[in-house]
Every structure is written in structure tokens, then in C-alpha cells.
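> Spelled out, the chains give:
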Amino acid sequence: MKKVFALVLAVVMVMALAVPAFADDTITIGVFEPLSGDNGAGGKQETLGIQYANTVAPTVEVNGTTYNVELEIVDNESSTDKAVSAATQLVAAGSSVVLGTYGSAVAIAGSDTFGEAGIPVIGVTCTNPQVTEGNDHYFRICFLDPFQGTVQANFAHDELGATKAYCLGQLGNDYDQGLINYYTQAAEALGMEVVTESFPEGNSDFTSYLTNAKNAGAEVIFAPTSISYAQLIVEQAAAQGIDVPITAPDTWDSNVVMAAVQGTDLQVYCTTFYAEGGDPEFEEGFKAYLNGDSNALANNGGNDMIAAVSVMGYDAYFTALEAIKAAGSADPADIMAALPATTYTGVSGAIAFDDIGDAIRDSAFIKQANTETGVWDFVAAQTVAE
Amino acid sequence: MEKTLRKDPAKKIGSAIAICLIAALYILLFLLDNVLPANGFTLMLIPVLKKGAIYSLICVSMNLLNGFTGLFSLGQAGFLLVGAYAYAIFAIPADQHPAVYQYFDGGAIGFSIPEALGKLLGENAGAFLGSIICIIIAGLVAAGFAALIGIPVLRLKSDYLAIATLGFAEIIRAIFQWNSLGPVTNGSNMLRKYTSLSAIKIGSVKLATVFPFLIAMVCIGLIVLLINSSYGRAFKAIRDDEIAAEAMGISLFKHKMLSFVISSFFAGVGGALLAMYQTTIQASAFKSAMTYEILLIVVIGGIGSISGSCIASFLYIACNEWWLRFLDSGSFFGISVPFFRDGFRKVVFSVLIMVIVLFFSRGIMGDKELSFAGLVRKLSGKKAAQAAEGGDGK
Amino acid sequence: MSAFVQANLPYLLAGISVGGQYALIAIGYTMVYGILRLINFAHGDVFMVAGLVMVYASASMPMYLSIPLVLIATVALGFTIERVAYKPLRSAPRMSVMISAIGVSYLLQNCALYFTGGLAQMYPTIPWLSNSVTIGGATTKMVTIVTPILTVALVFALVLFIQKTKIGMAMRAVSRDFETSQLMGIKINSVISMTFVIGCFLAAVGSLLYFTNYPSVIPTSGAMPGLKAFVAAVFGGIGSIPGAVIGAFLIGICENIIKGLGSNWTIFSDAFTFVLLIIVLLVKPTGIFGEKATDKV
Numbered sequence: 016m017k018k019v020f021a022l023v024l025a026v027v028m029v030m031a032l033a034v035p036a037f038a039d040d041t042i043t044i045g046v047f048e049p050l051s052g053d054n055g056a057g058g059k060q061e062t063l064g065i066q067y068a069n070t071v072a073p074t075v076e077v078n079g080t081t082y083n084v085e086l087e088i089v090d091n092e093s094s095t096d097k098a099v100s101a102a103t104q105l106v107a108a109g110s111s112v113v114l115g116t117y118g119s120a121v122a123i124a125g126s127d128t129f130g131e132a133g134i135p136v137i138g139v140t141c142t143n144p145q146v147t148e149g150n151d152h153y154f155r156i157c158f159l160d161p162f163q164g165t166v167q168a169n170f171a172h173d174e175l176g177a178t179k180a181y182c183l184g185q186l187g188n189d190y191d192q193g194l195i196n197y198y199t200q201a202a203e204a205l206g207m208e209v210v211t212e213s214f215p216e217g218n219s220d221f222t223s224y225l226t227n228a229k230n231a232g233a234e235v236i237f238a239p240t241s242i243s244y245a246q247l248i249v250e251q252a253a254a255q256g257i258d259v260p261i262t263a264p265d266t267w268d269s270n271v272v273m274a275a276v277q278g279t280d281l282q283v284y285c286t287t288f289y290a291e292g293g294d295p296e297f298e299e300g301f302k303a304y305l306n307g308d309s310n311a312l313a314n315n316g317g318n319d320m321i322a323a324v325s326v327m328g329y330d331a332y333f334t335a336l337e338a339i340k341a342a343g344s345a346d347p348a349d350i351m352a353a354l355p356a357t358t359y360t361g362v363s364g365a366i367a368f369d370d371i372g373d374a375i376r377d378s379a380f381i382k383q384a385n386t387e388t389g390v391w392d393f394v395a396a397q398t399v400a401e
Numbered sequence: 013m014e015k016t017l018r019k020d021p022a023k024k025i026g027s028a029i030a031i032c033l034i035a036a037l038y039i040l041l042f043l044l045d046n047v048l049p050a051n052g053f054t055l056m057l058i059p060v061l062k063k064g065a066i067y068s069l070i071c072v073s074m075n076l077l078n079g080f081t082g083l084f085s086l087g088q089a090g091f092l093l094v095g096a097y098a099y100a101i102f103a104i105p106a107d108q109h110p111a112v113y114q115y116f117d118g119g120a121i122g123f124s125i126p127e128a129l130g131k132l133l134g135e136n137a138g139a140f141l142g143s144i145i146c147i148i149i150a151g152l153v154a155a156g157f158a159a160l161i162g163i164p165v166l167r168l169k170s171d172y173l174a175i176a177t178l179g180f181a182e183i184i185r186a187i188f189q190w191n192s193l194g195p196v197t198n199g200s201n202m203l204r205k206y207t208s209l210s211a212i213k214i215g216s217v218k219l220a221t222v223f224p225f226l227i228a229m230v231c232i233g234l235i236v237l238l239i240n241s242s243y244g245r246a247f248k249a250i251r252d253d254e255i256a257a258e259a260m261g262i263s264l265f266k267h268k269m270l271s272f273v274i275s276s277f278f279a280g281v282g283g284a285l286l287a288m289y290q291t292t293i294q295a296s297a298f299k300s301a302m303t304y305e306i307l308l309i310v311v312i313g314g315i316g317s318i319s320g321s322c323i324a325s326f327l328y329i330a331c332n333e334w335w336l337r338f339l340d341s342g343s344f345f346g347i348s349v350p351f352f353r354d355g356f357r358k359v360v361f362s363v364l365i366m367v368i369v370l371f372f373s374r375g376i377m378g379d380k381e382l383s384f385a386g387l388v389r390k391l392s393g394k395k396a397a398q399a400a401e402g403g404d405g406k
Numbered sequence: 017m018s019a020f021v022q023a024n025l026p027y028l029l030a031g032i033s034v035g036g037q038y039a040l041i042a043i044g045y046t047m048v049y050g051i052l053r054l055i056n057f058a059h060g061d062v063f064m065v066a067g068l069v070m071v072y073a074s075a076s077m078p079m080y081l082s083i084p085l086v087l088i089a090t091v092a093l094g095f096t097i098e099r100v101a102y103k104p105l106r107s108a109p110r111m112s113v114m115i116s117a118i119g120v121s122y123l124l125q126n127c128a129l130y131f132t133g134g135l136a137q138m139y140p141t142i143p144w145l146s147n148s149v150t151i152g153g154a155t156t157k158m159v160t161i162v163t164p165i166l167t168v169a170l171v172f173a174l175v176l177f178i179q180k181t182k183i184g185m186a187m188r189a190v191s192r193d194f195e196t197s198q199l200m201g202i203k204i205n206s207v208i209s210m211t212f213v214i215g216c217f218l219a220a221v222g223s224l225l226y227f228t229n230y231p232s233v234i235p236t237s238g239a240m241p242g243l244k245a246f247v248a249a250v251f252g253g254i255g256s257i258p259g260a261v262i263g264a265f266l267i268g269i270c271e272n273i274i275k276g277l278g279s280n281w282t283i284f285s286d287a288f289t290f291v292l293l294i295i296v297l298l299v300k301p302t303g304i305f306g307e308k309a310t311d312k313v
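Chains as they are written, first to last, in the numbering used here: chain A, 16 to 401; chain B, 13 to 406; chain C, 17 to 313.
This is chain A alone, in the form it adopts within the complex (with noise of 0.2 Å):
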């Protein structure tokens, strides 16, 4: 019996060793996203948009000859501690450029891997600043936390006309903390008061955190959490009659979310990057791929709705393949030094980079969840004046 299971995993090891070859005229994308863990959820819906977009353009032409694009999808577990072999896993590959990934702690946790290789990385949705603070490798698409935060609060005081704000976050989860001290921030500075309360991870019981909230006197409840834990709180704050209106990040768009919110009272809210309907092309197609195919139905939630961080992805694929075209190689480097001039148009609007590497965008969608017919409605296009 000892003998099998050498001989099974001397098998294994063979096969790892048996990296395949890599034809000349491919160039691999490396996605860098979390496919189980507390971020499972959304990192499935983001490497959709990836992958729907390499069906779509599943070639590059660069100075004349065409090459296939190959995606090689690795699991970071969105967890910090299998960052390092995760990322390095996508360097042994041979990525010319890494799109990924959902949720910043890990993206930071494989930043220096990918530095290291001299792989440009494109974040696609991971908000938090100090993501592509400091070095000359990571860029991204999406707005950043403090422009949300304030966004956010904007939007509780001038929309909402609240002047008292309730912030609920995941006690030990960056995102969470992060947003609510931006928020803070803004609203502390537009006079409202704001208290703020974490709960533990794994918690499933809201009902003590909204009767805090209503006792409080909140006007408007801020909770910027993840997917799962939205469902929880939407829930019991439907069945405790919660009246007061419920903001929340781009975690929250999300179909797992939509379906909690419809049937019920509540009034949320989340901003997101990308408002259904503003690209009617994209969307038949990315429908269209996702009802053709039941594992990434499954992915995407069991239905068709299109989430914004699928778009995020399938604009940062384009983003990439922009700049494969502008550096005019597959090498790394060539196309770490053609991104931050690279400038594209895509389905969630038009992309450029700063000095930093952040993309220059100034304005987020906000969307009502509609409780009748269980989709997103737009509410506004909300800006910041810095």
C-alpha cells in the first residue's frame, strides 16, 4: 500500500515537471483571482468577464503576426498565504501581463512576486490605494476607496439627506475597515456623525448590529461587507422592517445580492463601476455566453445578470491586449513600458493611467436595487470635486 502511494505521487510529480510547451506564436495572460474563500464569489464573476472577452478576441495582432491569447487561470484562494505560490505559479507560466485581482490584500500579497519577475499587472477591481502605491509594476481600472468612500457619503447627505450614518464592517477584512474610514472621513466633514461597529468574521447573526443601528438613530446604514455577508445582513434587515436606507460599495452588485434584496422593503443602494445598459452590444454577448455554457452559469450565479466586475475583467483583457499591441511584443517589459501611456475605450468607460498607475476616473454609478423586478436601476452618476 506504501508502495502505491509512492508510486502515485512520484506520478504526480512527473507531471508537474511536465510543464507544457509553449508555442511560439501564444502569448499568455495570467488571471490572478480568487476562485474560493471569502471572495470565491465575486473572483469567479471577474475571471468571466476575462473569459468572455478571450472568446471574443481570442488573438492579438502584433507588428504583423497573429497570436494566440491563452489565459492561464490560477487560484490565489483569496487568501494571503498561497498569494506568493499563486502568483509565482502565473510567472512560471509565462505571463506577459497579470490581470487580477478581486480584493486588495491579496493583490498586494502577490505584488512583490510579480515585481519581482518584472510582470505588469493589471488590477481590475481592487480599490484600496496602497495597491499600486510605490511601485512602477501594478496598474488598475477601477476607481480607488477613498474616491468611493467619499462618494458614498456624498450621496447619504445630499441624496439621502441623512445627517447620521451607521457603519457596519467585517472585523480583520481591509476593505471593509478601509472604506469606513474614508467614509468617516467625508461625512465627518460634511457635519453628519457616524458611528461604526465590526463584526467578527464568520458572524451570522445581524439582528443585535441593526437594532444598534436603529437605536442609534441612523439615517442611512453604511455596510460595506462582502458578498455573503450582504445576503445575511439584507435579509434580517428585511425581516426586522428596517426603514432606513442601506448604502453600500461595488461588493454589493451583485446578483447573489439582488436576489435577497427583491421581494422585500428595504431601500440599498451600492456604486458600482458600470450600470446595466450602457452597452447593449456587450451585454447580448456576454448573456449569450453565459446561457451557452452552465459551468459559468453556475459561476455567475445561477442566472444571466451581468455583474460589474465581469465587465471590470473583460475591459481589462482589452486594456491588456492594447498594450501587448502598443509595446509591440510579448516581452514583459516592453509592455510594462508601453502601459502607462496605453489609453483604451471600453464597455465600463474610457480607461487611462495616472503617474501612479491608478486609472483616471472621476465618476461612479449609483444603482437602487428594485424590489418588483429584482434588477439594479440607475440613480445617478455621482462625481467628486476634489
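The reader is advised that the hints may include incorrect statements.
[As the list claims (entries may be wrong)] Across the chosen pairs, the derived CB separations fall in these ranges: (1) A:386 <-> C:109: 55 to 61 Å; (2) B:39 <-> C:109: 37 to 43 Å; (3) B:148 <-> A:358: 48 to 54 Å.
[What the hints assert, rightly or not] List time: in silico DSSO-like cross-link candidates among lysine-lysine, alpha-carbon distance up to 30 Å: (4) B:266 <-> C:180; (5) B:248 <-> B:266; (6) C:203 <-> C:180; (7) C:182 <-> B:169; (8) B:248 <-> C:203; (9) C:103 <-> C:182; (10) B:24 <-> B:248; (11) C:103 <-> B:380; (12) B:169 <-> B:266; (13) C:203 <-> C:300; (14) B:23 <-> B:390; (15) B:169 <-> B:23; (16) C:182 <-> C:203; (17) C:300 <-> B:169; (18) B:23 <-> B:266.
These are computed hints drawn from the structure, not numbers from a lab.
Glycine included, C-beta positions come from ideal geometry on N, C-alpha and C.
Place chains B and C on chain A using the hints.
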């Protein structure tokens, strides 16, 4: 006299082989860092080796507690967290503080030991010495926590000790994430940009992979020395029979405490190494799942075998983060297999672990040690003659 | 006064409701521990699997079929786990069995991860149980009120079962002295299987109530409730069923009161449970209802 003569050659050859192998290993590591071309294979080999070495230390530290003293503790993730944080907090250069502690006005510490020493001794030497000091601080802080926790917890037995230490690890995590301690621990946000031994270069020579191996080996060596000392024998006596050990005059509490504190010290060092390897740390990664992972490695290697823990660490890390990744890829040698999708690797992995737990409950090594002298004897056919002496690796 | 009640009633209601659900899980822990001296780490994950089975079952069949199916599937799972993972290790050291339990827990979580793809699954609404009701100005779900009543009724039935039936008597005998009862001709394996069957049945009922209240199932959903239920079992005195129930209610209520105390305390609501555990173990190791001095300390 005759006996020692008879025993010597095998032992001598054994030690010679061991020394040669270790030397070869370090030469390989050195070559990996500097000379060998970066292809798919060597690129993956480096992080797997690094993490494997670090996990070896962590698993051996847990084995000291679970395998050699018979204390079933599940608090390892908590001590790793303490060690990793203690290291990172004291090793972030001052000019990085505003960026790292972005929500806490640059934090409360405002200095870094490697940097301070760097001003005195020159950058490289300062970074090296400072990192070593920080690693020792990491171990000491973890040991301090263990001493505090040990006073109430070590009075409990078996499963109760397990669940209480598990609880303490959770409490430690909650404390480190607490916003009120943010100026020191950065609350829920990650610590990064700290000085790391991997970054040290002598001229143009890189030693990124050599350092974790060196430190892990020194620490494991110290643990082996401890286990072979009279304290180690007392630990084993407690493991085998507490009542008998007490009757023999071994102070139960003192020795349990000693084992707990020393194990936590090395877990803290392991945490510091892990922090260096990951380049960023965040308290939320140190969940009880991490403790279970470490425990399973110890079990796979064999409870009570140090070499077993080391072998199992490398195998586990390599399988989990490298070899078995193809199970998630959706295809097998180009043939599309529908059930090979995300997460399948973990299912296969957990089934494998259950098989080991149920059918090979002694693990790879049982409670034996890898012994080259024993191997030599086996190969030279003297096994029968030496059978009476048993394995002498310990 | 009424304003005070209105402001604080929701905490109490939430506490009682979650306490009842912990109680149903805690019984499984306390019975298994009473007989096998094993912390069944996989019990919380069995609870999670029951939730997932419900999600998938209700998608393809009506509620009156899927609820019994959940109960049967969970019981079968518990029975299988015992036969496959614990029975072969009956003569092995206690640590091996516990490691096997951790292994099963790891396996169940990873299987759940594989089948759900890591996405949070929306728990179906069970008619009537999910309706909102208003008590004393606080709005909550019907399940909040049903839980304590159902819990007490089930516990009453269980106590009767253990006191009055032959297999119940055998269970008591086995938990008192494993070896002697074997010598007395008790079929130890069927008693142990029965214990797992009862424990898993109650966990399945608990999962129906719990996930109706908190309708999202993820692979790690069972871990925290499982640990807390275990603490409740220790708190009440391991092996004692009424003790486990009272312990669970106390923990549920305390936890929610802590959450209501304000922002600096809420993050310690989980830590509190463990502090409580350690204090109980040190001060009164037999728990509040423990029967006799055992070898815990």
C-alpha cells in the same frame, strides 16, 4: 570496547552522508538563488522550498508539544500570528510608516530595529542583525503570550486543553484586529514593507532561499537537542504516563509549561519567517484552519518524529500549492475532464488525508527518525546483527 | 420603560432564538462526548451540510418532501461518518480519533466548497416560519418564537426516550462505564450509532431553524455555531442534556447582549464565548449540571 568498534563504521558513514546531503542542499539552494536559469520548474521550486522549510519549523514546534509532551494544543495559529506581527511591527522602516499605517497617522512605533542598526553598522549588516533581533523578539513575545496563557490552560487535560487553546488563538486574533490597538497592529489592515532577510545581498549574491533554511535548521537543531536532553526525556515520560512521571519526581506543571513556552517561541520564530516569505501579513489569515493544516502535516509525518514532520511539510506544501494544481485546471493532459474544476484539488487532498489518518495512522515515519546510519546498516546487510540496538537516529 | 423594552427586546429575542439553535447542535456534542469521550469536530459541518442539502432539495421538489429528505440525509451522513471514520479507531488513542474528526470536518468543508463553487447559497424560505411577526414593537421572524418552543419539546421527548426506553438505558450505561457495559452484553456499536443518529437528527432540525433565520449557507457556516454549541455543552456539564440546553440559551443571550453594548465590545462577542469556556473549565470543571467529577482537569 568491541561494541563501539562494531557500531562506529555505520554511524560514521551515516553522519558523513548526512553532512554531504546538507552541504549539497545548501549548494543547490545557493545555485537556485544565483546561477540556475529561471524556468517554470525552478521558479516554482523556490517558494515551495522556502515555505516548506518554514512549515518544517512550525510543524516541529507543534510536534514538540503534541508528539513529545502529549499536550494536545490547537493554539499554534495564534502564536504564529503573534510572532509574525511582533516581527513586522519592529521591522517596518520609519519612512514607510505613513503608508503602512495609513488609517492611523503613521502608527505609534515610529522606528525600526534593522534601520536603527543600519545607521550604526552599515545597511546590510544592520538589516541582517536587525532582522535576527526581530526574529528573536518575535519568538520571545510569542513565548510571553504562551506563558500567560499556559498558567490557566495547562491545568486542563486532552480535549479540553485543545479547545481552550483553540479559543485563545481566536481571542488573540480578535485582539490584534481591534481598532483601538491600531496604531501598533494596524487593526484589520495588513502590515507590509518590513525589512526581510530575503532582500539582503552580499555584493550581487542573493541568499533569499538560503536564509529561511538556515534559520529553520538551527531552530530544529535546538529542538532536537532539547528533546535529547533530560528535559526531553521528562517530556516523553509525561506523554507516556502522567501519573507515573509525577511519581518519578517530574514536576508536571513546570515541564508542561516549559514545553508550551518553548514550542510557542519557535512557533513565533516560524511566524516571523512566514511574515518574511509572504511579504505582507494580515491577522485574518491566521484562522483555526491554519492550525488544522499544521496538525495534519504533523500527523502525516508521524506524531513524535521530527524528520517525519519535515518531510511531510515539504510534501504537503508541494502537493497543495504546486503538484496538485492541475486538478483544478479542468483538463488532464489536454483532455477535458468536467469534474476537474475549482476546489477538486482540495477534495482529493482531504480524501488523501482521511486515508492516511485511517489506514496509516502512524504517518510516514511513525515515531522513528530518519537515520542514515540505520540505512547504511540495512544496505550493508548488518541489519540482523544490529537489530538489538534499534534505530539510533535520535 | 416601554421605550427601553422596545429598544432592547430585539437583542433578547435574537439571543433566545440563536440559543435554541445552538442547543439543538449542543445535544449532539454532549451525547457523543458522553459516550465516546470525543469532541466531534465534524458535527458543525454536518449541520452545514444539512443546510446545503435543503438548498439543493428544495430547488427540485416541494417543501413537504425536501424537509424529510434533509432529516434523513443528515442522519445517514452522521451514521456513515461514525462507521467510516470513528469506528475503525475505537481502540486507538483519543488524539487519533480527534484528528480523524478534524479530517472529516476538513473533508466536508472542501466537498461543500467543490459542489457550491464557493458561492454563498440562498436558503429557501420555508412558508410560515419565515413570516415576520411583531412582538412588543420589535419585528422578527416567526422562527424566533418557534425555536425555543420546539427546542424544549424535542429535549423533553429526548429525555423521555433516554429515561424510559431500553436503548436509552443502554446509552446511560455506556456513558457511565464503557467497558463494563460491554461486558454486560450491551451492543456497543448500535448504541453509538443511535447516539449519532439522534445527534444528527437534532442538528438537522437546528439547521432548518438556523438557516431560516440566517439564510445563507457557505462551507464554513457550521464552524462557528459548532464551536459555540460545544462550549454550551461544556458550560452545562458535558453529558447532561438539560445542561447543554440551558448553556446554549445562556451563551446565545449573552452573545447578543455583548453585541448590543457598543462598538468597542461587539468585536469580542466570539472571544467572550471562549473566555467563558475557560473560566467554566477552571472554576467548575463539571459544568453547571455535571453529574460527577471526571478527568477534565
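> Looking back at the hints listed earlier, which ones does the structure fail to meet?
4, 7, 8, 13, 15 and 18
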